[in-house]
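J.: Sequence:
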Amino acid sequence: MKQRGRHRRRRRGTALRAVLTGTALALTAAATLISTSQAQVTERPGALKPLTSPADTGRLRLREQLVPARTLDTLAASMGRPVGVDAVLRGADRTLREGSGCDDADRASLPVAPSPARAYCWDPADTGATDWRPASVTTSGDAGGDGVPGTHRVLLSGWTHSTRTGPDAERGLARVAFVDADDPDRPAYRWVLLVVPVDGGRDYRGLSSRVSSMVWYQDKLLVTARRGGSAVLYVYDLDRIQRATVDRPAIGRVRGGWSADGYGYVMPAIGSYSYTAGRCSATGAPCPSALALDAGTAPASLVAAEWTSPGGERPARLWRYAFSTDPRRAGLLATNAEGRVDAVEEYRTKVTGIRGVLSYREAGAPRTSWYVGRLPGSQDGHGGLWRQDTRGAKAAECGADATHRCWAESAGSLSYWRETGEVWSLSDRMLFAVPLAELDRSLG
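Sequence positions in the sequence shown follow mature numbering (1 follows the signal peptide of the UniProt record, and there is no 0) and run -39 to -1, 1 to 405.
In case anyone wonders, no lab produced these hints; they're calculated from the structure. Be a bit skeptical, because a hint or two may be false.
Claimed, not checked - Listed next, the in silico BS3-like pairs over lysine-lysine satisfying Cα-Cα at most 25 Å (straight line):
(1) Lys311 x Lys355
(2) Lys10 x Lys311
(3) Lys355 x Lys10
Claimed, not checked - Ranges of calculated distance between the beta carbons of each label pair, as one might list FRET restraints:
(4) Ala361 x Val207: 38 to 46 Å
(5) Pro85 x Thr13: 29 to 37 Å
(6) Ser123 x Pro260: 45 to 53 Å
(7) Glu274 x Pro85: 52 to 60 Å
(8) Gly257 x Pro210: 44 to 52 Å
(9) Ala361 x Gly7: 23 to 31 Å
(10) Gly218 x Gly405: 53 to 61 Å
(11) Thr351 x Ser123: 37 to 45 Å
(12) Asp87 x Asp200: 20 to 28 Å
(13) Gly7 x Asp144: 43 to 51 Å
(14) Ala86 x Asn297: 28 to 36 Å
(15) Ala243 x Ala326: 50 to 58 Å
Quick caveat, the model's predicted, so the values are computed rather than measured. All C-beta atoms in this analysis are idealised placements derived from N, C-alpha and C, irrespective of residue type, glycine included.
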């Protein structure tokens, strides 16, 4: 296998605040080089507009489709007993480097304001001359506690392979880095390939789709995907990870066992949610670009943001679904008797190019704040992050020309770890955390 396990000794360390503060100062100076024309492409999105028309809200309706239990049992009977997160972490064979050990190009991708409290760059084997790119992050804090019960603090990062270059077997695939974050000085990780069961569980195929965002809730992982011109949310069970048994550049059942293109583990989908309105369009179903967990609602909810072209004029939709409270449906969305899922809150925003979303309501606050991270209109360089509610919007300013392009470069999804008060996100080169309190202060 490409990945080989080794035991790692846990040790605690200090954060990178001093190093990254210096980095942020340098980046603030660099931000003055952003041209005035770029700096002024800040649409001032204003307040969120609630959507109440059935014609609008009906387009957000989902249909749940769970993989039959016998299909999953057939796969497990052939591949062997499924394992959980702990088993993957015990075999961690890659190491994240702290920000001080990353190169200038890596650090330049971090937010200008606010300064990250912690930041890490990936193993060079994963970011060198490869076509894999990170886009999403979620944490074991989202799972419903401070970490995996009784064991580890874990970060998950979703990566997608380019469909244009690279080995044919890898094009368009999706994989997840399982990061053991017990030791903040030396987090270690291992890859798991996302797959979909086929032929009644007698085989599986790779998930050939960009994973722009994902959420870990209870024992489930929900990820964004595309199927043709339609959007799909695939559901994975973190207690149903399977070991590959053959190291070949193939995916699925092969002579002698099960192959995963060299990866040691696969995670088969256990269900999906598709939009009843069909294909993504401005007047039909949305194409979600970002997901997040809001554990502050009762019940907990999945929030989502729609992808629209950066710098364009078409507004985007923000909405949420409630998670089920039925213990037999842990980690799944609440459905009606027909297996349909309706949004429980919907808005329209003028922010475009959304890559990250959060929803948070501070105790005693009159309104919920929505945080949306966006790409710039040119789709390169640093993006912006807005905090919106039904009364207005604010964003950080940086550089001599007070640009709003202060967030990370090619930033991905957002995940709030309530127990630590940190917002985790990632650029196209680094994984980082910002205290929510610092983020709010930067927004004014």
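J.: Now tell me, hint by hint, if it's right for this structure.
T.: Here's how the hints hold up against the structure:
no. : hint                        : verdict
1   : Lys311 x Lys355             : holds, 13 Å
2   : Lys10 x Lys311              : holds, 9 Å
3   : Lys355 x Lys10              : holds, 15 Å
4   : Ala361 x Val207: 38 to 46 Å : violated, 58 Å
5   : Pro85 x Thr13: 29 to 37 Å   : violated, 51 Å
6   : Ser123 x Pro260: 45 to 53 Å : violated, 38 Å
7   : Glu274 x Pro85: 52 to 60 Å  : violated, 41 Å
8   : Gly257 x Pro210: 44 to 52 Å : holds, 45 Å
9   : Ala361 x Gly7: 23 to 31 Å   : holds, 26 Å
10  : Gly218 x Gly405: 53 to 61 Å : holds, 58 Å
11  : Thr351 x Ser123: 37 to 45 Å : holds, 39 Å
12  : Asp87 x Asp200: 20 to 28 Å  : holds, 26 Å
13  : Gly7 x Asp144: 43 to 51 Å   : holds, 44 Å
14  : Ala86 x Asn297: 28 to 36 Å  : violated, 47 Å
15  : Ala243 x Ala326: 50 to 58 Å : violated, 32 Å
Comparing the model with each numbered hint stated earlier shows that hints 4, 5, 6, 7, 14, 15 do not hold.
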